[in-house]
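Asks: So you can see what is in the structure, the chains are spelled out below.
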Amino acid sequence: MRGLSVIQIQNLTKYYGKTLALDGVDLEVEQGEVFGFIGPNGAGKTTTLRILLGLLRKNAGKVSVLGGDPWRDAVALHRRLAYVPGDVSLWPSLSGGEVIDLLGRLRGGVDQSRRDELVERFKFDPTKPCRTYSTGNRQKVALIAALVSDVELFILDEPTLGLDPLMEAVFRDCVAEVKRAGKTVLLSSHILAEVEALCDRISIINAGTIVESGTLAELRHLTRISVSVETAHPVTGLSEMPGVHNTRVDGTRAHFSVDAGAINRVMEHLTRFDVLVLTSAPPTLEDLFLRHYELQRGESAR
Amino acid sequence: MSEFSGTGALIRLILRRDRLLLPIWIALPPLFVVVVVAAFVSLYPTAASQQMLAAQIVNSPGLVALLGPVSAPTIGGLTAWRSSIFATVIVAGANVLTVIRHTRADEETGRYELLGSGVVGRRAPLSASLVVTLGADLVIAALVTGALVAFGLPVAGSVALGLSFAAIGWTFAALAGVAAQLAESAGVATGIAGAIFVLFYLLRAVGDANEQSGQSWLSWMSPIGWMRLVQPFAGERWGVFALFLGAIIALIVVAYTISSRRDVGAGILRPRLGPARATPWLRSPLALAWRLHRRTLLVWAAMFAVYGVMIGYLAKTSADLLATNPQLANLFAHFGGASAYTDSLFTLSLTFLGWMAAAYAITATLRLQSEEVEGRVDHVLAASVSRLRWATSDLAIAAIGSVVVLTAFGLLAGLTYGLSTGNVGYELPRMLVATLAYLPAIWVVAGIAMALYGLVPRLSFVSWGALGAFILVELIGETLQVSQSILNLSPFNQVPKVLVSGVSLMPLVSLTLLAFVLIIAGLVGFQRRSIG
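These protein sequence lines are chains A and B, in that order.
So for the first sequence, numbering that gives the first Met the number 0 puts the first residue at 0; every next one is plus one.
So for the second sequence, numbering that gives the first Met the number 0 puts the first residue at 0; every next one is plus one.
There may be inaccurate statements among the hints.
Unchecked claim - Covered stretches of chain A (in silico footprint by chain B; criterion: 3 or more residues with CB under 8 Å from a CB of chain B, positions within the stretch not fixed):
hint: 1; stretch: 46-60
hint: 2; stretch: 64-78
hint: 3; stretch: 102-113
hint: 4; stretch: 116-128
In short, the hints are calculated from the structure, not lab data.
No experiment lies behind these values; they were computed from the predicted model shown.
Think of the CB as a built atom: it goes at the ideal place given N, C-alpha and C, for glycine as much as any other residue.
With these hints in hand, go ahead and build the complete structure from the sequences.
Replies: Structure below.
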């Protein structure tokens with residue numbers, strides 16, 4: 000059973016001059032979910048989000064946010080959503096506290112106790128002039144300003160950029176709370192692990208096109224684990240095993256990637272050579288893309 | 000010498016980044032000198048007419064205070080007199096901005112981190128910007144000297160005048176180098192250099208105006224005064240250049256000393272902490288615009304007020320002088336009498352003032368663009384604020400700000416002069432009306448900036464070019480015979496000279512309408528285009 004659509008994008012196209020930035024993007028975000036929007040730098044994530052905010056004009060396609068047209072109904076819609084830009088630039092002469100209050104008020108009001116709580120949780124000093132803040136601290140200003148607002152939708156563009164791991168954990172807690180309160184979050188990122196930890200569904204964008212969409216489980220077919228292993232005896236017969244790819248054997252060391260479904264069998268096989276060291280890494284975004292294009296090539300060859 | 004390593008590479012970087020700006024500010028002073036010489040040659044061809052003009056100038060303390068005295072009643076002397084202050088403003092301003100742009104501004108934005116992590120010494124950015132400004136200043140000196148010699152003026156005087164431009168320019172480059180070490184923000188550093196410029200200008204103005212009463216030592220305290228004290232075309236005093244050199248060396252030593260001791264990104268003046276919470280009124284785009292503009296506006300208003308007091312005071316002294324000197328009064332009767340003389344002094348200062356106020360209006364209007372380019376507008380427009388509301392907030396501050404700065408001048412000039420003549424009730428309203436008559440023209444300039452920003456944001460800077468063109472039209476019109484249709488291109492030319500010829504409403508109404516049309520065109524364009 001699917002919920003109501005908070006964001007609907009169909010065949011969205013955007014040109015910067017003659018450069019095609021978005022080439023028919025389709026996206027649907029439902030009420031109450033945390034939606035991950037991932038892709039490499041320059042894939043079109045920020046462009047899509049800025050169109051959703053009515054900052055950029057689209058060239059073609061249909062876009063609806065909270066049931067309205069983001070370009071036409073910007074002012075009314077923005078009372079119901081909060082945005083954290085990817086590259087947070089602040090007024091150098093204003094203090095962090097002033098910016099938080101100002102942005103909260105421009106959106107309709109600030110809950111003082113919630114504000115104090117967030118300032119405390121993010122360990123943020125609101126008295127410094129913004130010009131003295133580091134990237135991470137500027138990011139905190141934008142995050143706190145967004146999270147103090149009582150809105151239905153949060154649009155976050157790479158929100159953890161510049162945050163240290165502790166603050167990243169605080170951020171994840173905040174997103175979880177927001178979700179529990181029944182609010183919707185659209186989160187763009189180029190870090191797969193972050194999206195995996197937070198999101199119900201994801202879309203992957205590359206070069207202005209959505210290449211995959213679905214729940215993480217649905218996208219498992221794309222994920223492979225990369226494994227490095229050191230054994231007492233040289234490994235043999237690995238590359239012939241089903242589900243094993245990109246095998247490189249160098250004496251007693253071997254590197255390969257393996258489909259999630261084939262892990263068990265491969266492990267059994269490896270124990271025969273007496274495993275000394277084994278490290279595995281979750282798939283990176285790059286792996287995902289490589290895998291995606293391999294699949295595509297396979298299909299078109301068939 | 001590791002503190003200087005990388006200077007060469009940084010020089011090339013500056014030349015690359017400033018490849019458009021540099022030639023423009025190098026070309027302006029020589030162009031202006033050519034226009035001035037050509038004007039004097041055609042308007043005052045005989046020695047007698049040159050002497051009469053020089054006598055007129057020397058005997059009007061107002062003009063002497065504004066532009067300094069004439070050292071020699073010749074084409075060379077008059078050219079030096081007319082061009083020095085203008086060249087000082089351009090050359091000193093450009094030197095200050097160039098040095099701060101490539102030192103403190105880079106540090107403030109973090110661009111320096113990228114460079115500093117490479118093989119770049121701590122003193123390299125300052126050294127590179129000083130080398131580039133010195134080079135540019137010397138090119139200006141050479142071009143000015145060449146132009147003057149080409150007009151057949153004495154070589155020694157031509158060299159002295161050209162070098163004096165370079166000397167004042169580099170003095171302010173070195174001064175900006177120190178200011179860049181003191182403040183953490185480029186804006187504050189520029190403000191420090193600007194305030195010192197105003198101080199030096201005022202020292203020179205008071206010193207020059209009161210030379211007879213033995214206060215010329217004040218002019219000796221000011222590098223801007225030294226330019227005149229070099230006496231180009233009047234028995235050049237080359238020793239004065241040693242003063243420039245001494246000051247420059249001292250300033251550079253101070254700047255290097257501080258730069259070797261402080262942290263990257265830090266200044267000597269520590270920024271104060273801000274409030275942890277915003278004041279209750281900071282809750283609208285208008286309040287934000289006011290919060291961001293107010294300090295700049297205050298500084299401009301203070302500058303205009305000081306200028307007003309100075310002009311009011313000078314008008315009084317000039318009027319006194321005319322009263323005790325019947326011969327001179329006769330001369331001015333020719334132009335309309337003593338009161339007409341003070342009125343034309345006011346009118347002349349208003350011309351300068353109008354340009355300055357227009358510059359303020361452009362700066363205030365183009366805040367919109369810097370907010371967009373820096374990405375700060377995203378926060379505001381992603382909140383529940385319409386584009387129209389955001390843009391009109393800044394425009395309102397720009398429009399009201401220009402009223403404030405003009406009023407500051409008009410009030411204080413009228414008050415100072417009125418108090419000294421004992422007729423405040425008459426002088427104050429007249430001065431105020433004459434000053435405020437410039438508003439519609441200033442709004443037209445702001446309108447041009449808004450129209451460009453709204454319709455073709457990439458060309459917003461052309462509004463500065465438009466202001467420059469208007470000033471050039473005025474300057475040429477002042478000295479050369481130009482057809483009315485060219486003069487009419489400048490909105491300033493439409494401003495009624497209230498003190499001389501009374502108020503006429505028509506031009507004020509049409510200028511205001513034009514400003515409205517431009518602003519609305521800009522707003523319409525802005526609402527239709529993408530941001531960023």
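Asks: Name the hints, by number, that the structure is in violation of.
Replies: Every hint satisfied by this model.
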